[in-house]
Amino acid sequence: MNISPNSVVALTYELHTTNEEGQQVFVEKADEQNPLVFLYGVGMMLPKFEEHLTGLKTGDEYSFELSAADGYGDIDPGAFADLPKTMFTEAGGELPNVGDVIPLQDNNGNQFRAGVTAVHDETISVDLNHPMAGKNLVFSGEILNVREATQDELAHGHAHGADGHSGH
Numbered sequence: 001m002n003i004s005p006n007s008v009v010a011l012t013y014e015l016h017t018t019n020e021e022g023q024q025v026f027v028e029k030a031d032e033q034n035p036l037v038f039l040y041g042v043g044m045m046l047p048k049f050e051e052h053l054t055g056l057k058t059g060d061e062y063s064f065e066l067s068a069a070d071g072y073g074d075i076d077p078g079a080f081a082d083l084p085k086t087m088f089t090e091a092g093g094e095l096p097n098v099g100d101v102i103p104l105q106d107n108n109g110n111q112f113r114a115g116v117t118a119v120h121d122e123t124i125s126v127d128l129n130h131p132m133a134g135k136n137l138v139f140s141g142e143i144l145n146v147r148e149a150t151q152d153e154l155a156h157g158h159a160h161g162a163d164g165h166s167g168h
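Counting from 1, one number per residue, gives the positions in the sequence shown under UniProt numbering.
Mixed in with the good hints, there may be bad ones.
[Claimed, not checked] Here are the simulated EDC-like pairs of lysine to aspartate or glutamate, each with C-alpha atoms no more than 16 Å apart in a straight line:
| no. | residue 1 | residue 2 |
| --- | --- | --- |
| 1 | Lys-57 | Glu-148 |
| 2 | Lys-29 | Glu-142 |
| 3 | Lys-29 | Glu-14 |
| 4 | Lys-85 | Asp-121 |
| 5 | Lys-48 | Asp-70 |
| 6 | Lys-85 | Glu-122 |
| 7 | Lys-57 | Glu-142 |
| 8 | Lys-29 | Glu-61 |
| 9 | Lys-85 | Asp-100 |
| 10 | Lys-48 | Glu-65 |
These are calculated hints, taken from the structure and not from any lab test.
Hey, can you work out the whole structure from these sequences and the hints?
Shown next, in the form of structure tokens:
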């Protein structure tokens with residue numbers, strides 16, 4: 001079976017980005033013991049990632065690069081903020097350190113993560129961009145399995161594991 005909408009895909013991947021010197025830097029991987037399993041075509045994955053997998057089948061290998069714009073977008077210079085230190089200390093919490101990734105919530109209850117870029121006398125500076133924003137993404141891997149999604153998976157909008165029975 002070829003990868004097409006409403007199919008469940010299990011694959012391995014290695015993800016690299018490219019640094020300022022043009023060298024590839026390893027980010028993460030999914031191997032045969034812990035593959036990435038997803039319902040294709042429902043918006044769970046980056047659209048251009050899925051586009052590069054269209055039509056592949058079990059056993060096929062792939063390798064492609066996504067531009068920052070096709071990945072997590074360019075860095076938004078407006079997505080930086082200074083938060084008052086009291087946000088962290090009022091409830092008895094500890095101050096984060098530069099490089100920490102902290103959970104935040106907006107006024108609508110939406111949760112997201114921010115990277116701490118600086119600690120000042122009264123404020124904590126954070127970067128609200130996705131950690132992969134502004135970076136090209138280099139993927140390579142192998143398609144381990146492609147199958148039709150079950151009715152439950154289609155109704156729920158996500159895969160229930162490589163065999164269709166994991167999850168809930």
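Against the structure, the hints come out as follows:
no., hint, verdict
1, Lys-57 with Glu-148, "holds, 12 Å"
2, Lys-29 with Glu-142, "holds, 12 Å"
3, Lys-29 with Glu-14, "holds, 4 Å"
4, Lys-85 with Asp-121, "holds, 8 Å"
5, Lys-48 with Asp-70, "holds, 6 Å"
6, Lys-85 with Glu-122, "holds, 6 Å"
7, Lys-57 with Glu-142, "holds, 9 Å"
8, Lys-29 with Glu-61, "holds, 15 Å"
9, Lys-85 with Asp-100, "holds, 15 Å"
10, Lys-48 with Glu-65, "holds, 10 Å"
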